Amino acid sequence: MNWPRVRAVANWVNLSTPSGLILARATGCEVVDGGRGLHFALGYRPRWPVAGAFTVGNVILFRPALAEPEHFLGLLAHEERHCTQYAWCLGLPFLVLYAGACGYSWCRTGDPASRNPFERQAGLAAGGYVERPGRSFADLLRGLRPVPRRRG
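Position one of the sequence shown corresponds to residue 1 (my numbering), numbered consecutively onward.
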């Protein structure tokens, strides 16, 4: 089976790739063929999300500093894994699942990637992330206690 082709078709049908292409065009990116069914959107400038590169469907959006993606093979492999995750999550529902995973990771570590299963499966180091230690359940509960008011 030609998995890159299957993934490309799945992400087109589930509308995540068309959404990525619309985002790329709306933000003034130059879109080029990245091979393996991928589209590289070069020159992404908006401040959010805070990342050197990110993926929507089979579209990988790159900041201007990464104008030559072929020089960043580890990052490309990481982002391509996210393309596959879009296909497995049936497209745009990936964004909701990913946001939830970021929230879980933030609660556990104070970092949106360290315990995020999507980032871990894609490869934390390849995505430029550093794994942070987890907080214990007791630490989490302590963080939920109200701060006592001072009298006086």
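These are computed hints drawn from the structure, not numbers from a lab. Just so you know, not all the hints are guaranteed correct.
[To be verified] So the derived label-pair ranges between C-beta atoms look like this: (1) Arg135 - Arg5: 19 to 25 Å; (2) Gly123 - Val50: 16 to 22 Å; (3) Trp3 - Val130: 26 to 32 Å; (4) Gly74 - Thr27: 21 to 27 Å; (5) Arg25 - Arg47: 26 to 32 Å; (6) Ala77 - Asn2: 35 to 41 Å.
Values in this document were obtained by computation on a predicted structure and should not be read as measured data. All C-beta atoms, glycine included, are put in the ideal place defined by N, C-alpha and C.
* To do: Just tell me: holds or violated, for the beta carbon distance of alanine 77 and asparagine 2 against 35 to 41 Å?
  => violated, 18 Å
* To do: Confirm or reject the claim that glycine 123 and valine 50 have a C-beta distance inside 16 to 22 Å.
  => holds, 19 Å
* Has the hinted range 19 to 25 Å been met by the Cβ atoms of arginine 135 and arginine 5? -> Between arginine 135 and arginine 5, where Cβ atoms are some 43 Å apart, the hint is violated.
* Lying within 21 to 27 Å: is that true of the beta-carbon distance glycine 74 to threonine 27? -> About 25 Å separates the Cβ atoms of glycine 74 and threonine 27, which means 21 to 27 Å holds.
* Asked: Does the Cβ-Cβ separation between arginine 25 and arginine 47 fall within 26 to 32 Å?
  -> violated, 19 Å
* To do: Can you let me know if the beta-carbon spacing of tryptophan 3 and valine 130 is within 26 to 32 Å?
  => Holds - the Cβ-Cβ distance for tryptophan 3 and valine 130, about 30 Å, lies within 26 to 32 Å.
Violation of the numbered hints given earlier is confined to hints 1, 5 and 6; the remaining hints are satisfied by the structure.
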